[in-house]
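Listed here are the chains, written in short residue letters.
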Amino acid sequence: MPFALTDEQKLLQESVDRFVERDYGFDIRTRLAESETGWSAENWAIFAELGWLGVPFPEAAGGHGGGPVEAGLISEALGKGLAVEPYLWTVVLGGGLLARAGRTDLLEALIAGKLQLATGFAEPQGRYALNDVATMAEKSGGDLSISGRKAVVFNAPSADFLIVPARTAGARTDARGITLFLLPADADGVELRPYRTMDDSRAAEATLSGVRAGGDAVLGEIDDGLALLEPAVDVATAVLCCEAAGVMQALVSQTQDYIKNRKQFGVPLSSFQVLQHRMAEMFIHMEQTQSMAYMAVVRGAAGGGREVSRAASAAKAYAGEKGKLVGQDAIQMHGGMGMTKEMPISSYFKRITAIGSLFGDADYHLDRFADLAGGGAG
Amino acid sequence: MPFALTDEQKLLQESVDRFVERDYGFDIRTRLAESETGWSAENWAIFAELGWLGVPFPEAAGGHGGGPVEAGLISEALGKGLAVEPYLWTVVLGGGLLARAGRTDLLEALIAGKLQLATGFAEPQGRYALNDVATMAEKSGGDLSISGRKAVVFNAPSADFLIVPARTAGARTDARGITLFLLPADADGVELRPYRTMDDSRAAEATLSGVRAGGDAVLGEIDDGLALLEPAVDVATAVLCCEAAGVMQALVSQTQDYIKNRKQFGVPLSSFQVLQHRMAEMFIHMEQTQSMAYMAVVRGAAGGGREVSRAASAAKAYAGEKGKLVGQDAIQMHGGMGMTKEMPISSYFKRITAIGSLFGDADYHLDRFADLAGGGAG
Amino acid sequence: MDLDIGSEDQAFRDEVRAFIDKSLPSDTRDKMRRGLKLTKDDMIGWHRILHANGWGAPGWPVEYGGPDWTPMQRHIFEEETGRNHCPRLMPFGLKMVGPVIQAFGSDEQKAQHLPKIASAEIQWCQGYSEPGSGSDLASLKTRAVRDGDTYIVNGQKTWTTAAHWADWIFCLVRTDDTVKKQEGISFLLIDMATPGIEVKPIVTMEGGHEVNEVFFDDVAVPVSNRVGAENKGWTIAKFLLGHERTSIAEIGRSKAQLEKLTEIAAAEQKNGAPLLDDPRFREKIARAEIDLMALEMTLLRVVSAESAGGAPGPEASLLKIRATELQQELSELLMEAIGYYSHPDTPEALEFGWNEPSVGPDYAASLAPVYFNLRKTSIYGGSNEVQRGIISKMVLGF
Amino acid sequence: MDLDIGSEDQAFRDEVRAFIDKSLPSDTRDKMRRGLKLTKDDMIGWHRILHANGWGAPGWPVEYGGPDWTPMQRHIFEEETGRNHCPRLMPFGLKMVGPVIQAFGSDEQKAQHLPKIASAEIQWCQGYSEPGSGSDLASLKTRAVRDGDTYIVNGQKTWTTAAHWADWIFCLVRTDDTVKKQEGISFLLIDMATPGIEVKPIVTMEGGHEVNEVFFDDVAVPVSNRVGAENKGWTIAKFLLGHERTSIAEIGRSKAQLEKLTEIAAAEQKNGAPLLDDPRFREKIARAEIDLMALEMTLLRVVSAESAGGAPGPEASLLKIRATELQQELSELLMEAIGYYSHPDTPEALEFGWNEPSVGPDYAASLAPVYFNLRKTSIYGGSNEVQRGIISKMVLGF
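Protein chains in written order, with the numbering used here: chain A, 328 to 705; chain B, 328 to 705; chain C, 5 to 402; chain D, 5 to 402.
A portion of the hints provided could be inaccurate.
What the hints assert, rightly or not - The calculated lysine-lysine pairs, modelled on BS3-like cross-linking and capped at a C-alpha distance of 30 Å, are:
1) A:K590 <-> D:K44
2) D:K184 <-> A:K587
3) D:K41 <-> A:K651
4) C:K204 <-> C:K264
5) C:K41 <-> C:K204
6) C:K41 <-> B:K587
Claimed, not checked - Facing chain B, a subset of chain C residues (Cβ under 8 Å, in silico):
7) S139
8) V207
9) R284
Since the hints were derived computationally from the structure, they do not count as laboratory data.
The beta-carbon is built from N, C-alpha and C at its ideal position, and this holds for glycine as well.
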């Protein structure tokens, strides 16, 4: 039956849910978010121990033979607790790229929790376009020399390696001519300017100034990096939509609790019909976002190509728009309390806002969805 | 003070309001709409007698020296009663073109109520673009011979003259090269296919097959007809927005009455908070549409040019979108009753729907507004 | 987790498609595609064709002449028939009074009515709403007074879809007005040929005739035509509210409309290029397509849960709200696509066999009438406001 | 009918513009343009500059030191200062307690307080909301118990904007809890330096500090600091709700934001071209501009009606709803315009004089914080839901 979870998937989901419920209270989350690195190495070790880091990788690569669906279920559950660990960046996107490039050598360390990754898929002038790459990789002796600037590289401050698309041929926005490089984060010529982000994540501007890369630094084929990057980002986008669904579930249930308990004019806020109907709409948005996110990870699990991209873009456009609506309404219904940093709801709102533009905002994905249309009404 | 009516304007407004209230009940309106011509010659004679047909024209042309503002006030008041007389087509657009072309000879008959006009500003392939003119006027002997097809020519079945843009030079969508012709509706080669429209108006497809036109049939300058047509349509658009404001006032007040009186579960519908708030939104849309419509006619009265066009497009985009929302909500709040032909609200809804695309829908006018932007934030 | 319906269900889908291909009369298909008027014969004809194939009562168990389909098969049947331009089967017999008789009826009632519903021999209509009752169904006033073996029925029903085509009507009537309003209601089956019944058409805003007023003036109904116990009709009314609601998603029909929209937008011009290439209109279509995907995926989740034994709950309200919004949105975009040619009101062009050339493009004439007509979808069948109230109560616990 | 404000008002507009040009400190203007943090001194400094020009109390009559402006002049002043990057004048003295003292205060109170409000010598804050009271203001619990010539005040206020900058607070307190809740409320002026008052910051989601909790622990307030009669404070509260609300339209500031949005969209790139040329983003800007026009035109109608002697009615609710929606929409578009550069959270970049190069474009750092912060506008000052209720009651008569 469509959408039915396997027993393994159910167990996985329950195990992450339990972890979030028991060990990831909002006060703990706040402490982690405000710590030096912004996330917990201890939790990361637990993730490794419970096998969550290896779940989406083929068994041949030391993983547990799951895929986007399992990563999505984990991310959804983590999203409910607003977990700050860089699962998306290291496991889903970074690990996804390593797996696609056949770098099982590094996956082992990743699955063991010993490796952090960041991917510089954005550049200052490029907005959300993966093909807009001005960073150059030019021949210099037997090696290549990479120079350019990567914008808002998430998890870069914690990363051991940076995965960096650079141009080995073609003009700035050509799809061909992009090559992916795996660079040690402490390589000569790599300069990071780290900062916190709106949702308590960590990121950095990365400036590359003549960073030397040998042939072993190349992931996938020379000039054909986009063929690796685009499907990996599609899957990461689908998984991120699952996280959005988790965040929205929390936004809805916290708001539901709040208006049930908060009294005004002697009655609970939830007795006002306007708020009842608005929450009904939030509930529908949440349910449908979850449907779309699940669809997108299932398509992602089935392989690559146009249908995966279309599913990811449809889900992201949907999650972006509906997530915004649900987030804004959740704050509105919390009234003044919703405006405070202290109240968890505001952190959920900031996360759903951040998700809104990650890998492209709703406009970008609507456009992409329409561009990819082939046979009309599908 | 901005928006303050002169005493004359107040009197005019009151006189049309009074006429609509006293002599234009919904049953009368229905009878007129279902009559052969679709409107009342008797009423038209009254309009002439009360001076409403001459109001917008300069005194030199036999008018009363008013302009778009006065036409707007009349149309707003007529809109409240859903009057079916072709004031927009004969007086505002047709008369406006005659006045701009200096044809005072014909205005006299128009003001006396003896002349009906229709303007073929649309072609089947042209959507809303006034410059998309495939109808050709070609030299033939000393005259011109006009052939082509005009789409949905409102008031054509009643018209004595058709005003027809035809191409005397240039390619199909060039702005230059369009000439306006004034053709007797019964001229040889004019074929009309008349029909009713969704809102009980009358229109026709006009096929022109070698209609002969001499130099005296030209309105304005040869090749420069758009310079006449575009500002005239801008003013007509602004006046139509005033009518939309009137229609919306009726939609709001009828819905307000309905939900106050209609009981469900033992209480009036108006006691449900969801409906209260929705009506508050409808009220706001109505008020703001009126503000925009007034702005647009005032700008139209001040002359021509970019600011007039921008004001007309802004008002029309606004009236189009908000009119649709108000209309749809009015039907929804009337429940099943709103679906019936018998209930006045459905006719108001059909009129606001028709207005939505007249002279271009909201998308067209948003685009045009943005195209005309010059100095940024105005 | 996957999206596969499995090979058996896929085979079933192929079978349904092939059957439609072969059996749907071409003039009916043509009317449906072009939005022309269907006759009663078109609708019943299609029902009888299905019946001849054993599919006359898609949602029913074998014992009553149904095919005993799984929830997934029912979904597939709904989708394929909707998408491939089959007329809707009238729900009043198949989805309403039929299941009621199955659950609450006497053996005699079952024997008398069920076969004729499945075979389309008898058409039904629904006597629920009354002037003044609206969403507050229980406030109904039509009275049935017992006189020996007969009820004498007086009152008025309204919004009665297809009453002018129906042979029988099922009604909620008041049999006791001394108790709480829900507790004095009974459920009667009434032959429309009984003296004292009058049907008056209600013309809807676009000029169509689908709904009616039905007047009862001393109508004699045998007590044996009552379903369930006297004064227990409200239980039946509530049963019906929960029954088989996933078909309201109208996925198949919306897919067909989306396809039509794409075709029309490719045919229409804007600034000398296809409207389909206009960035704004293209975005609107993309958005509608995504909304349709979201609805379809949610529906599939609901059908899967039903297949696993879950009772359909407030998801029906979710589906109803979003499905009707989508149908309305598509009808709005279709009207928008044709610009000025939405204005001509030419009902004659909606008659099959009308041979004049059309005023605008041949797809234009039905679009504004459909837009106006579909405003009903958010009003009828439990208004969307009522549905939001249900979600608020059942899911959110307010 | 026209849109002209007339030559006198036009001359006044020119005068205000020229004055701002000449007198607004350039660093203050720069902070406002760039969305940097303002200090208390920036805000008070600007108020004092206005005061030196006789404009310290824009809405006040001459007898209390105001310029006695017409409604149109007040509107022009609001618009021009907003549009030209002047700091907001704190409303608590000028628009709240000042008018209250003028209408209800004793001569001593007038003499003591009004000049110092106009001159910005004394800063005020508002003690209305309490934890648990929200939109239900009359349910307040802070108590003032009379002890001879003194009230002893105990309780807590919250959402008190600028309490950490204020010298005085005006409070609604409960002086009788044996009567209907509206009838036992009094209005007190309290010196923040009085022992027993504690101010605790509330940090809002973007990390800012504008609002506070204010605790009262046996705070002694002279009875002479009560405005109006004991237990008649609710009259004053209602007076304030209706007072001078057209300024909430924030036309000037929204124009400045729209201008900023257009500039940023011209600077940002999408597919190698300015974002401003993207059809979809261009449409969003056009829509915001039209919404702003609609708000401005409606505001002008209201101001004209006020000038003609009409009392401001429920239009204030209309303006409040649409103005806050527009401010929120503009902040959303600004954030959207900069793509990934909305993510970096660099509060240090919002400090004036911070000299490091910015992480993204120099206009980026304030945009997400402003977006988050402006969510408050639809909540504070009578939530937009409350405003819709007012329209429904006052205009529609429900």
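Now for the hints, and whether the structure bears them out:
| no. | hint | result |
| --- | --- | --- |
| 1 | A:K590 <-> D:K44 | violated (36 Å) |
| 2 | D:K184 <-> A:K587 | holds (26 Å) |
| 3 | D:K41 <-> A:K651 | holds (27 Å) |
| 4 | C:K204 <-> C:K264 | violated (35 Å) |
| 5 | C:K41 <-> C:K204 | holds (20 Å) |
| 6 | C:K41 <-> B:K587 | violated (37 Å) |
| 7 | S139 | holds (6 Å) |
| 8 | V207 | holds (4 Å) |
| 9 | R284 | holds (5 Å) |
The structure is inconsistent with the numbered hints 1, 4, 6, although it conforms to all the rest.
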